[in-house]
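In the order they appear, the protein sequences are chains A and B. Mind the numbering: the first sequence is residues -11 to 99 in the numbering used here, read in order. Mind the numbering: the second sequence is residues 5 to 120 in the numbering used here, read in order.
Treat the hints as calculated values from the structure; they're not laboratory data. These numbers were taken from a predicted model, which means no experiment stands behind them. Just to be clear, a hint being listed does not mean it is correct.
Claimed, not checked - Pairs of lysine-lysine residues, derived as PhoX-like cross-links and limited to a Cα-Cα distance of at most 20 Å, are as follows:
1) A:LYS(-10) - A:LYS30
2) B:LYS74 - B:LYS61
3) A:LYS30 - B:LYS7
4) B:LYS59 - B:LYS75
5) B:LYS7 - A:LYS33
6) B:LYS7 - B:LYS74
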Amino acid sequence: RKEVEQDPGPFNVPEGATVAFNCTYSNSASQSFFWYRQDCRKEPKLLMSVYSSGNEDGRFTAQLNRASQYISLLIRDSKLSDSATYLCVVTLNNAGNMLTFGGGTRLMVKP
Amino acid sequence: DVKVTQSSRYLVKRTGEKVFLECVQDMDHENMFWYRQDPGLGLRLIYFSYDVKMKEKGDIPEGYSVSREKKERFSLILESASTNQTSMYLCASRSTGVYSDTGELFFGEGSRLTVL
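The following block holds chain A by itself, in its conformation from the complex (with noise of 0.2 Å):
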C-alpha cells in the first residue's frame, strides 16, 4: 500500500461545477498536509495548508480527518483555469524534510 494515495482522475468536469477530491495516507504520526497544484509541463506550487480545524481560501476549502486519515480538497465554482494535477503531501516530522507525495488527481475544466 502506498503512503499516500490519490485517484489518478482525470476528473472532467463543467465550468461552473463543484469538485472534491480526497487523499488518503497510511502513517498515523503524520504532522502536516497540504495541497499543491501543478500544471501541465510546469513545476508543482503550493496552494494550500491542511489546518486541523478545516481552512478556506476563496473557492477552495481544505480538510483533514485523522480519524479517518484522509485529506480533501473542495474546488467551488470551477474555472477553465483550475485544470491542473492536484498533489497532497504530507509530512512526518515538524523538521519538513520527511515529506510524501501522492501521485497527483488531474482535473480538466470543460467549457
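Chain B: place on chain A using the hints.
Relative to the frame of chain A, chain B by itself:
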C-alpha cells in the same frame, strides 16, 4: 521573488555518460531536495540536504549522488547514466524553523533528461 534555478531544462545523454544537474536557490534555505517525477509514480525523493556538506538518502538513491558545497547550490550526479534514469528531475528548497515553517517547497522548473 523567490527563485530556484535548474541549469538545464532538457538534456539528451547516452548510456554510460556522467550527468550533472545543478540547482541554485536564492532564498538562503537550509533544506534542498532532488526528486524525480514519472507518470504513474508521482514525485519520488532521491536525496536531500539539510546543510552544507550534509546529505541524506531519500527513497530511490541508487545510481545517484549529490554534492552541496555551498548553501545555495545542490547538484545531482548520475555517475553512469542508464535508460531507466530517463525522467523529469525537480529540485526544491525549503526553509526550516519550527515557528515559521509553512511547509512550502519551492521547485525549480525541472530538467527533463533522456538517456539513449
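Evaluated hints:
Taken as a hint, the LYS(-10) of chain A and LYS30 of chain A pair is broken in the structure, with Cα atoms around 24 Å apart against an allowance of 20 Å. The hinted pair formed by LYS74 of chain B and LYS61 of chain B meets the criterion: a straight-line CA distance of about 19 Å does not exceed 20 Å. A threshold of 20 Å between alpha carbons decides the hint, and for LYS30 of chain A with LYS7 of chain B the separation of about 14 Å falls inside it, so the pair holds. Between the alpha carbons of LYS59 of chain B and LYS75 of chain B the distance comes to roughly 12 Å, so the proposed pair stays at or under 20 Å and holds.
Distance check on the hinted pair: LYS7 of chain B and LYS33 of chain A sit about 12 Å apart at the alpha-carbon level, within 20 Å; holds. Taking the CA atoms of LYS7 of chain B and LYS74 of chain B, the gap is near 16 Å; set against the 20 Å cutoff, the hint holds.
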